[in-house]
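> Chains as they are written, first to last, in this note's numbering: chain U, 1 to 396; chain A, 1 to 257.
It is possible that some hints are incorrect.
[Said to hold, decoys possible] Which bits of chain U does chain A cover? Going by a derived footprint, with three or more residues having C-beta under 8 angstroms, they are: (1) 93-106; (2) 243-252.
[Unchecked claim] Computed far set for chain U versus chain A, every beta-carbon distance over 12 angstroms: (3) Val135; (4) Thr237; (5) Leu312; (6) Pro330.
[Stated by the list, open to error] Some chain U residues close to chain A (C-beta under 10 angstroms, calculated; not the full set): (7) Leu4; (8) Ser8; (9) Arg12; (10) Ala157; (11) Ala211; (12) Ala236; (13) Asp308; (14) Arg309; (15) Ala313.
Calculated directly from the structure, the hints in this document are not laboratory data. Heads up, the beta-carbon is just placed ideally off N, CA and C, and yes, glycines get one too.
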Amino acid sequence: MTLLTVMSLDARHALRSVLPHPGWRRGTLIGLAVLFALLSVMFVLVGQHTEDHTLMLRSAASLLPALLIVALGVVLRGALELDEREARTTLLLLSPLSEGQQLLAPFGTLLLLASLPFLLLLFPFLLAILITQPVPTLFLLLLSLLAIAWAAVLAVALTAFLNLRLGRTVATRTLTTLSPMLMLLPVLLLREFSIQGISQVGWWVALPLLALPVAGMQAMRHYRATLLYTTERLSATEPVWGQVPYARLLRRSRYPWALLGGPLILVALWLSTHDLLILIRAATLFLLVSPVMGASLACLEAERQQPDRLRLAPLGSRVGRDLGQRVLVPVALAVALCLVGIGLWQRDLPWVLRCTGALLPQVFFTHPRWARPVIAGYSSVLAALVLFTPYLTPAS
Amino acid sequence: MMWPSPPTSTGPAVRVGGLVYAYANKPVLNGLSFEVRAGELLALLGHNGAGKTTTFRILAGLLRPDAGEVVIGGVNLRDDPKAARAACAFLPDEPLLYTQLSALENLAAYAALWGVPSAQARERARALLQEADLWAVRHALTSTYSRGMKQKLAICAALLHQPRVLLMDEPLSGLDVEASMWARALLRSFVESGGAVVFTSHTPELVEAVADRVLILRGGVASYEAVAAQISRDGGLLSVFQRDFAGSPLVFTEGRA
Numbered sequence: 001m002t003l004l005t006v007m008s009l010d011a012r013h014a015l016r017s018v019l020p021h022p023g024w025r026r027g028t029l030i031g032l033a034v035l036f037a038l039l040s041v042m043f044v045l046v047g048q049h050t051e052d053h054t055l056m057l058r059s060a061a062s063l064l065p066a067l068l069i070v071a072l073g074v075v076l077r078g079a080l081e082l083d084e085r086e087a088r089t090t091l092l093l094l095s096p097l098s099e100g101q102q103l104l105a106p107f108g109t110l111l112l113l114a115s116l117p118f119l120l121l122l123f124p125f126l127l128a129i130l131i132t133q134p135v136p137t138l139f140l141l142l143l144s145l146l147a148i149a150w151a152a153v154l155a156v157a158l159t160a161f162l163n164l165r166l167g168r169t170v171a172t173r174t175l176t177t178l179s180p181m182l183m184l185l186p187v188l189l190l191r192e193f194s195i196q197g198i199s200q201v202g203w204w205v206a207l208p209l210l211a212l213p214v215a216g217m218q219a220m221r222h223y224r225a226t227l228l229y230t231t232e233r234l235s236a237t238e239p240v241w242g243q244v245p246y247a248r249l250l251r252r253s254r255y256p257w258a259l260l261g262g263p264l265i266l267v268a269l270w271l272s273t274h275d276l277l278i279l280i281r282a283a284t285l286f287l288l289v290s291p292v293m294g295a296s297l298a299c300l301e302a303e304r305q306q307p308d309r310l311r312l313a314p315l316g317s318r319v320g321r322d323l324g325q326r327v328l329v330p331v332a333l334a335v336a337l338c339l340v341g342i343g344l345w346q347r348d349l350p351w352v353l354r355c356t357g358a359l360l361p362q363v364f365f366t367h368p369r370w371a372r373p374v375i376a377g378y379s380s381v382l383a384a385l386v387l388f389t390p391y392l393t394p395a396s
Numbered sequence: 001m002m003w004p005s006p007p008t009s010t011g012p013a014v015r016v017g018g019l020v021y022a023y024a025n026k027p028v029l030n031g032l033s034f035e036v037r038a039g040e041l042l043a044l045l046g047h048n049g050a051g052k053t054t055t056f057r058i059l060a061g062l063l064r065p066d067a068g069e070v071v072i073g074g075v076n077l078r079d080d081p082k083a084a085r086a087a088c089a090f091l092p093d094e095p096l097l098y099t100q101l102s103a104l105e106n107l108a109a110y111a112a113l114w115g116v117p118s119a120q121a122r123e124r125a126r127a128l129l130q131e132a133d134l135w136a137v138r139h140a141l142t143s144t145y146s147r148g149m150k151q152k153l154a155i156c157a158a159l160l161h162q163p164r165v166l167l168m169d170e171p172l173s174g175l176d177v178e179a180s181m182w183a184r185a186l187l188r189s190f191v192e193s194g195g196a197v198v199f200t201s202h203t204p205e206l207v208e209a210v211a212d213r214v215l216i217l218r219g220g221v222a223s224y225e226a227v228a229a230q231i232s233r234d235g236g237l238l239s240v241f242q243r244d245f246a247g248s249p250l251v252f253t254e255g256r257a
């Protein structure tokens with residue numbers, strides 16, 4: 001097993017965590033991200049401010065601290081995924097990689113992940129102004145690379161600290177709550193990051209340059225140690241007899257913790273004075289719906305992995321039907337809320353009614369076998385609506 | 001002990017007649033027939049791919065046979081699958097447990113799925129977990145259990161609704177010596193109380209020690225069937241297997257239903 005193989009496997013797993021929707025839905029989300037990047041490039045190249053390259057450079061620089069926080073969120077999410085895979089750590093230790101490579105493997109993966117938001121948001125700007133302002137652009141590029149590295153180091157250190165202090169389970173829950181907030185809040189509060197001079201931003205990032213390698217290695221050592229040595233004895237309380245404890249299964253998954261960040265993001269979204277594109281607002285709402293879908297899938301997961309249990313049990317079909325209802329109703333409500341949110345911003349009630357009317361009947365496909373594709377359907381329809389509906393243009 | 005529930009018919013606990021099944025036109029079972037009486041432990045043996053698991057899945061109602069019939073506890077599986085399923089318990093080789101639930105929570109889930117009244121379920125769960133030496137770890141999540149502990153819990157879950165027939169695919173795999181002895185004693189106690197057990201194993205010594213009767217599958221039919229005493233006269237199960245592997249025709253001996 002080579003370092004590259006380990007890193008590519010880790011990256012794949014971590015990417016699945018950042019984009020937690022399997023199969024073609026992940027493909028759709030990646031497609032959306034690529035489309036977003038292409039739109040950004042087009043916006044930069046043919047937009048209204050293309051002549052004022054200095055302004056563009058300063059705008060790009062102002063994005064940097066926000067992107068650092070976004071990258072931190074992405075990396076935390078990746079670290080969380082690695083955290084939950086004990087077998088991976090064992091496999092890494094058994095592999096013939098040197099200790100240095102064993103440390104580098106997850107760190108390299110996290111670095112790759114941290115670079116994603118920069119690649120998507122910053123590089124189009126930098127590419128556009130590289131020819132006319134090469135020196136400051138290259139300086140900004142260097143700063144971006146440093147910011148990526150710092151995001152990875154900070155995420156690793158924070159994960160190790162939380163693992164050590166709170167235990168892996170609580171740490172995982174905390175990270176699950178933190179990571180989406182970190183990914184979204186800077187985007188929503190964009191105005192809070194006023195346009196600053198490049199040099200000012202540069203000092204903040206470049207000053208601790210010498211400390212970066214040492215900090216990185218230390219963080220990775222701690223992180224690896226916590227992965228190896230923090231084991232917990234998980235226990236439960238007396239069950240409620242007469243029902244399958246799906247609520248407990250849900251509570252023990254990490255999804256409800258992701259919901260905790262939701263209200264904060266909603267408040268930020270509501271209070272945001274920045275004239276955000278409806279696209280960003282809609283995408284944010286879409287991301288808020290994701291944990292609800294994830295939580296629903298967590299309930300279904302146990303039965304999906306071992307479908308024989310419900311098939312064998314005499315009351316299996318009834319329990320399965322009840323489960324399907326309990327899972328799909330909150331998902332449908334969340335989707336409806338998302339649509340209403342978008343519709344209110346657009347002041348287009350008929351559109352809301354049409355979309356809600358089209359999506360809600362799916363809630364009657366209550367068997368667990370159907371619940372998963374239905375949730376996948378909701379997810380993709382929402383994504384398509386966010387991207388393609390002609391109503392999703394900035395409200396006048 | 002409180003198992004199994006009293007039989008509702010005087011016939012065999014399990015009756016399989018002319019079972020035919022094919023996976024994508026590849027025949028697996030070609031008219032398999034056998035019976036298991038109440039109070040009997042039948043070992044269903046055969047090489048990998050011989051059709052043991054397919055037979056179990058048909059008996060458990062998870063697969064519908066292309067032809068033939070299955071009667072469990074006097075109930076035809078085709079006529080009343082729910083009642084037939086309620087009369088038996090199936091333990092696949094991989095325990096069907098919720099890994100993010102504790103032992104007690106798993107048993108609560110099984111009780112709800114099999115319609116066992118809460119008060120009875122609670123009492124039975126306590127007795128079973130104490131019997132399986134899992135009471136002390138009843139609140140620990142099963143993700144923290146060893147393979148043997150999971151297997152013991154799966155056996156407890158299977159017995160919770162007092163089935164009359166136990167279908168067990170490799171029931172003793174992963175168990176340590178002590179746990180294996182516990183499981184064997186439990187199976188013996190179950191059949192002595194009037195239950196019937198059909199199980200598979202890849203360990204001939206274990207089968208000879210536990211089974212009342214052995215049935216070897218080859219080519220989708222029973223190629224050898226004998227009671228324990230006859231197996232000894234045939235030179236032991238290992239010798240029978242060697243002849244089976246060599247392709248020698250195996251002679252049906254006594255014990256044929």
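> Determine for every hint whether it applies to the structure shown.
Right, here's what the structure says about each hint:
1. 93-106: violated (count 0)
2. 243-252: Coverage by chain A holds for the segment 243-252 of chain U (6 residues, Cβ < 8 angstroms).
3. Val135: Holds, since 56 angstroms exceeds 12 angstroms.
4. Thr237: The claim is violated: Thr237 of chain U sits with its nearest Cβ about 7 angstroms from chain A, within 12 angstroms.
5. Leu312: With a cut-off of 12 angstroms, Leu312 of chain U comes too close to chain A, as the shortest Cβ separation is near 6 angstroms.
6. Pro330: holds (20 angstroms)
7. Leu4: violated (32 angstroms)
8. Ser8: violated (28 angstroms)
9. Arg12: violated (24 angstroms)
10. Ala157: violated (28 angstroms)
11. Ala211: violated (39 angstroms)
12. Ala236: Holds. Min distance 4 angstroms.
13. Asp308: Holds, because the Cβ-Cβ distance from Asp308 of chain U to chain A comes to roughly 6 angstroms (cut-off 10 angstroms).
14. Arg309: holds (5 angstroms)
15. Ala313: Hint on Ala313 of chain U: holds, closest Cβ of chain A at ~4 angstroms, below 10 angstroms.
In this structure, the hints that do not hold are numbers 1, 4, 5, 7, 8, 9, 10 and 11, in rising order.
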